[in-house]
Amino acid sequence: MNWRAVWSIYRSEMARFFRTLSQSIISPVISTVLYFVVFGAAIGGRIDQVEGIPYGAFIVPGLVMLTVLQQSLSNASFGIYFPKFVGTVYELFSAPVSFLEIVLGFVGAAATKSLSIAVIIIATAAFFVDLTILHPVWAIAFLVLTGLSFSLLGFIIGIWAKNFEQLNLIPMLVVTPLVFLGGAFYSASMLPGVWQVVVKFNPVLYLISGFRWSFFGVADVPVAVSLGAISLFLALCLGVIWWIFKTGWRLRS
Amino acid sequence: MRKAAFMSPIISIKNLTKTYDSGHNALSDVSLDINAGEIIALLGPNGAGKTTLIGATCGLVRISSGSITVGGFDVERQSRQARQMIGLVPQEIALEMWTTVFDTVRFTRGLFGRAPDDAYLEKILRSLSLWDKKDTKCMELSGGMKRRVLIAKALSHQPKVLFLDEPTAGVDVGLRREMWDVVRDLKAEGVTVILTTHYIEEAEEMADRIGVIAKGRILLVQDKVELMSSFGRKVLTLQLQDPLEQVPAALADYDLELGAGGHSLRYSYDTRAERTGITRLISDLAQAGISVRDLESKASSLEEVFLELVEETA
Numbered sequence: 000m001n002w003r004a005v006w007s008i009y010r011s012e013m014a015r016f017f018r019t020l021s022q023s024i025i026s027p028v029i030s031t032v033l034y035f036v037v038f039g040a041a042i043g044g045r046i047d048q049v050e051g052i053p054y055g056a057f058i059v060p061g062l063v064m065l066t067v068l069q070q071s072l073s074n075a076s077f078g079i080y081f082p083k084f085v086g087t088v089y090e091l092f093s094a095p096v097s098f099l100e101i102v103l104g105f106v107g108a109a110a111t112k113s114l115s116i117a118v119i120i121i122a123t124a125a126f127f128v129d130l131t132i133l134h135p136v137w138a139i140a141f142l143v144l145t146g147l148s149f150s151l152l153g154f155i156i157g158i159w160a161k162n163f164e165q166l167n168l169i170p171m172l173v174v175t176p177l178v179f180l181g182g183a184f185y186s187a188s189m190l191p192g193v194w195q196v197v198v199k200f201n202p203v204l205y206l207i208s209g210f211r212w213s214f215f216g217v218a219d220v221p222v223a224v225s226l227g228a229i230s231l232f233l234a235l236c237l238g239v240i241w242w243i244f245k246t247g248w249r250l251r252s
Numbered sequence: 000m001r002k003a004a005f006m007s008p009i010i011s012i013k014n015l016t017k018t019y020d021s022g023h024n025a026l027s028d029v030s031l032d033i034n035a036g037e038i039i040a041l042l043g044p045n046g047a048g049k050t051t052l053i054g055a056t057c058g059l060v061r062i063s064s065g066s067i068t069v070g071g072f073d074v075e076r077q078s079r080q081a082r083q084m085i086g087l088v089p090q091e092i093a094l095e096m097w098t099t100v101f102d103t104v105r106f107t108r109g110l111f112g113r114a115p116d117d118a119y120l121e122k123i124l125r126s127l128s129l130w131d132k133k134d135t136k137c138m139e140l141s142g143g144m145k146r147r148v149l150i151a152k153a154l155s156h157q158p159k160v161l162f163l164d165e166p167t168a169g170v171d172v173g174l175r176r177e178m179w180d181v182v183r184d185l186k187a188e189g190v191t192v193i194l195t196t197h198y199i200e201e202a203e204e205m206a207d208r209i210g211v212i213a214k215g216r217i218l219l220v221q222d223k224v225e226l227m228s229s230f231g232r233k234v235l236t237l238q239l240q241d242p243l244e245q246v247p248a249a250l251a252d253y254d255l256e257l258g259a260g261g262h263s264l265r266y267s268y269d270t271r272a273e274r275t276g277i278t279r280l281i282s283d284l285a286q287a288g289i290s291v292r293d294l295e296s297k298a299s300s301l302e303e304v305f306l307e308l309v310e311e312t313a
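Just so you know, the protein sequences line up as chains A and B, in that order.
With numbering that gives the first Met the number 0 as the guide, the letters of the first sequence map in order to residues 0 to 252.
With numbering that gives the first Met the number 0 as the guide, the letters of the second sequence map in order to residues 0 to 313.
Treat the hints with care, since some could be wrong.
[Claimed, not checked] 20 angstroms max Cα-Cα, derived EDC-like pairs, lysine to aspartate or glutamate:
#, chain 1, residue 1, chain 2, residue 2
1, B, K233, B, E273
2, A, K199, A, E50
3, B, K233, B, D254
4, A, K83, B, E91
5, B, K186, B, D207
6, A, K245, B, E75
7, A, K245, B, D207
8, B, K297, B, E203
9, A, K161, B, D20
10, A, K245, B, D73
11, A, K161, B, D73
12, A, K83, B, E95
13, A, K161, B, E95
14, B, K297, B, E200
Hint data in this document are derived by calculation from the structure and do not stem from the laboratory.
Work out the full structure: start from the sequences and follow the hints.
What follows is the structure, given as structure tokens:
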């Protein structure tokens with residue numbers, strides 16, 4: 000195992016994060032504040048409580064998940080796409096580095112970035128609402144698993160994308176709608192009949208539900224099912240990455 | 000005679016064929032041994048297969064059939080050990096522009112699994128006249144400096160073999176000479192250098208051996224000095240006043256050829272011979288009563304030979 004290579008990639012990716020620190024941190028913080036203003040204050044004034052939890056606090060896990068998903072995807076996909084775009088990718092693939100080491104470097108950095116931002120958002124949220132985390136270990140587990148899985152998905156998108164349009168296609172057209180329809184701002188039980196069934200097919204629902212359970216002890220689906228779903232998704236992404244590694248798809252001509 | 004002949008090959012390419020998914024046959028049955036410590040120039044026109052050959056050796060291109068070993072390690076099955084020995088300077092300038100020179104060189108060393116050694120990197124940067132730019136972002140460097148940063152990156156992990164893919168393409172004359180000096184220094188340090196180029200003078204200037212490649216095939220690989228001597232001949236063409244039916248017996252000692260329906264005589268001679276024989280030939284022609292209307296001499300240069308070879312395969 001070439002750990003020095005993993006560390007080099009990780010460090011160089013993190014350096015990019017720190018180069019654009021204000022953009023990396025200020026942007027999600029502003030978004031979070033806006034969500035609190037719009038959903039927490041405007042809508043929360045009418046909803047008051049969801050499943051016994053003040054609405055402002057209820058949306059915090061969903062907001063954090065929303066950011067973790069988006070940040071993991073964009074950081075990892077951009078991380079590997081950018082060297083392809085500027086041509087420096089030759090260096091990665093001509094170095095004595097296995098694909099696993101490349102993935103560890105890029106995905107590790109992307110997950111670190113998104114998890115750091117998650118912590119910042121939770122801290123920001125604490126200014127607006129009273130937050131208690133009932134199961135902190137589970138909260139961390141859900142965050143790490145989600146950050147890793149979506150960083151892996153982002154990495155796959157970055158390998159697949161041939162241009163910037165494709166790079167943004169899946170996050171824009173698939174992931175964002177899934178997050179909004181995944182119960183970030185409401186409980187699935189608030190939806191009308193048939194939608195309660197439809198929403199069960201949305202994988203993001205399981206992530207948000209599990210993470211919300213670790214905060215408040217209430218969930219749309221049993222926590223074991225949430226854990227199973229995220230583990231399955233992680234395994235699926237790992238499987239695709241293993242296949243890319245094996246076949247050299249979009250990597251070697 | 001040639002020291003390279005006694006050295007074991009550091010790179011051994013056997014029956015290498017590469018066909019891309021599109022069906023394009025980039026390399027056909029290429030075999031080539033590259034000796035440790037030599038500079039070999041692969042000379043060929045655009046699309047000849049030079050970059051594919053480098054890509055296959057460095058792991059960027061999948062091999063369709065055949066094999067390549069670097070330092071005895073198969074580039075596909077023992078890629079880690081093989082790649083550790085190789086430094087690659089690509090044709091296009093590809094650098095992360097917001098990174099500083101020192102950081103990007105340090106990154107490459109780490110990528111190749113080498114322990115940090117800033118003193119060694121300083122030595123490389125100094126030798127490439129980049130030390131005073133170590134904290135400069137790559138985007139702020141001139142084109143020549145960017146190329147030298149690529150070389151510094153390729154050397155950062157102390158490779159035994161350095162691939163330079165058209166290092167002077169689109170580079171001005173001054174910088175080209177500078178690059179040549181850098182390559183000579185590398186050779187002096189024992190690095191094997193494989194250089195691709197479509198500039199003949201570059202191959203002539205730099206290489207110990209020259210390989211001519213066209214349409215995915217290696218047409219010849221020869222010691223540069225031998226190649227130059229076999230091609231260092233000139234042809235003197237004499238336009239005759241009156242046509243001849245055959246070369247007169249009195250001139251049989253000369254290497255003469257009748258051309259243009261008997262209107263010209265072609266005399267082939269070695270430019271580096273002590274005597275070219277031209278003066279004596281002209282005097283003998285006069286004695287044989289042959290009048291010369293005009294004459295011209297033309298070098299059979301490496302460039303011509305190269306073009307002939309390449310055209311033959313077209």
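Evaluation of the provided hints:
1. K233/B / E273/B: This hinted pair holds, its Cα atoms lying about 14 angstroms apart.
2. K199/A / E50/A: holds (19 angstroms)
3. K233/B / D254/B: holds (12 angstroms)
4. K83/A / E91/B: holds (13 angstroms)
5. K186/B / D207/B: Distance ~10 angstroms between K186/B and D207/B Cα, so the pair holds.
6. K245/A / E75/B: holds (12 angstroms)
7. K245/A / D207/B: Distance ~39 angstroms between K245/A and D207/B Cα, so the pair is violated.
8. K297/B / E203/B: Distance of about 19 angstroms is within 20 angstroms: holds.
9. K161/A / D20/B: holds (17 angstroms)
10. K245/A / D73/B: Cα-Cα ~18 angstroms, so holds.
11. K161/A / D73/B: With Cα atoms ~31 angstroms apart, K161/A and D73/B exceed 20 angstroms; violated.
12. K83/A / E95/B: holds (11 angstroms)
13. K161/A / E95/B: holds (19 angstroms)
14. K297/B / E200/B: Satisfied, since the Cα-Cα distance of roughly 18 angstroms is no more than 20 angstroms.
Comparing the model with each numbered hint stated earlier shows that hints 7, 11 do not hold.
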